[in-house]
Amino acid sequence: MATVTSTAPTIQPAVRARGIFSWRNRQLMIAFLFIVPALINFTVFRYIPIASSIRASLYEYSLLRGLRDFIGLDHYARMLNDWVFWDSLKVTALFVIYKVPIQIVLSLALAVLLQRETVGAGVVRSAVLTPMVTSVIVASIIWAMMYHSQLGLIQSMLGAVGIPRQAFLSDASRALPAITVMMIWKDLGFSLIILLAGLKAIPHTYYEAALVDGANAWEAFRRVTIPLLMPVLMFVVVTQAVFSFQVFVPVYQMTQGGPLDSTKVLVYYIYQQGFRFQDMGYASALSVVALIILIIVSYGLMRWLRPQT
Amino acid sequence: MAVADQTQHRGAAVLPRAGLESDTAKMIRRGGIAVLRAVLFAVISLIFLIPFIWMIFGSLRRETEIFQYLFPLSLHTFYPIEWTLEHYRDILGLSEAGNRAGLNFGRNLLNSFIVSTGVVVFSLLFNTMGAYFFARLKFPKKNWLLAFVLVTLFVPFEVTMIPLYIVVRYLNLQNSYWAMIVPWFASPFVIFALIQYFRDIPYELDEAALLDGASYLHILRTVIVPLAIPGLVTVSLLEFQFIWNLFYWPLIAVQDKDIQVLQVVISSQTTQEQTFWGRTFAGSALASVPVILIFLALQRYYVRGVAATGIKG
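Going line by line, the protein sequences match chains A and B. Following the numbering used here, the numbering of the first sequence begins with 1 at its first residue and continues without gaps. Following the numbering used here, the numbering of the second sequence begins with 310 at its first residue and continues without gaps.
Quick caveat, the hints were computed from the structure, so don't treat them as lab data. Not one of these hints is a red herring.
Here are some of the chain B residues that sit facing chain A, going by a computed Cβ distance under 10 Å:
(1) W363
(2) L555
(3) I601
From the three backbone atoms N, C-alpha and C, an ideal C-beta is built for every residue, glycine too.
Required output: the full structure, derived from the provided sequences and hints.
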């Protein structure tokens, strides 16, 4: 690390023992003790789970009966013909494609609107951040009630502008968009905070230079703000895509994957295989594939969105 | 720290227009824009707050009232006519109806506090030590160790819940408080954030203490920690909120309702008893209002933490 300058032992050399118990080695061992708990945690609860799920994916494995026969790549072969799996991939991709661009555009607009730190902007920011600190499960419960086909608050709001009752979560073509709207509402605060910090980091002189060149507000936004914000935007797009790809809780709470599997996302399908159908081996294989997809997608996004300089 | 110097450029990009308007026209235009902006701000705030308003007021009124005033949309769609704490008494098991339904959310609320506080305490201890190691101590191949830690930043969360469960079960920790605490006692996000905070502290302070013969632990306690309090508050806040709001992990890791956290219990309650809207509102309020209040009180730290680490908690 750059900040670590030499702590060279200038203390009496006579005191130093030789061999592995030398003063230097003792210092190193003491230093190592500081990082040991964290290393154990990451090994046991981050690295080993991935390794063990790769192993479990090669076996017949259920929670009740434990590891049984080694079956090689059979689980992966099964995936190729499992149309529910392919469908869940499609639903997951749709969710990400609906959610991420809309969320980014809305939070960018809000960030520009709120970047002057007035009292009003502070109030709006607090309001936008409140859903973000609330749990996904509470958000899902309340929104499921708001979407309720008879007694939902949204029905009452639609009624106020003359629109009759609509089915949302029980309609196969509307359930996924309904969940998407809820999750944009929930996650908008996160991208807003990051984009606000990004906007603040753009030196004011750049805007002044654009003005001198005769740019109007929109041109300044397009030519100054967007390019300079690109790394931050990229970060938000990638993290949001990765988070959204793993959506589980709203589906579990609001639709249970239905109606007609129209909201059965990948992580929900994995949960179903592992805990409802007791097939941990197949669930592990699905987890491994999801992990690989995520690595490829985030790498691809980073390559694609890399600012052209 | 990156965010600290960003705040110097507040109030960017309001571009003055080159205009030939008279002063009165300018004033009217500015006034109009101010009103429009205020209306826009109010509408945006309402969109984000209405679900909470509906939930909190709904938890404080009789169920029949919730449904009776739903149509047409009016003030009393939200605002109670007759206030009652009945739903809270029910879910806390303080009323006969609540007892009959076997509700005891007070216990689950306590579990949520125990688990979240437990994680924050362990996390403060071990992540602080880890960050101190990376920010200050000399060790061969330290960058390799840092990479080993930071790679876990990219381990996707929900996707690895089942693999994590397999390991926790193997360690025979499932269905216990430990299952909900131990996997999170160190966090790559927190270590990453704390390294940034610790690097802002001048190294001369460490050096002086080292020359006086102070141990690493002593330096950490007396030099680093007191100067990094804002950073430690920030990460504790993010961590507390993150653990408090966890759902998927406690759902699969713990089956015993007595040690289960509130988030999971309110979920199973609503799926079983779709009809008790008042209780559902009250339970949801109980599960979310504590973190919302903490957030509002410490919003400055929270925003800074998210901006610095790029994570939600």
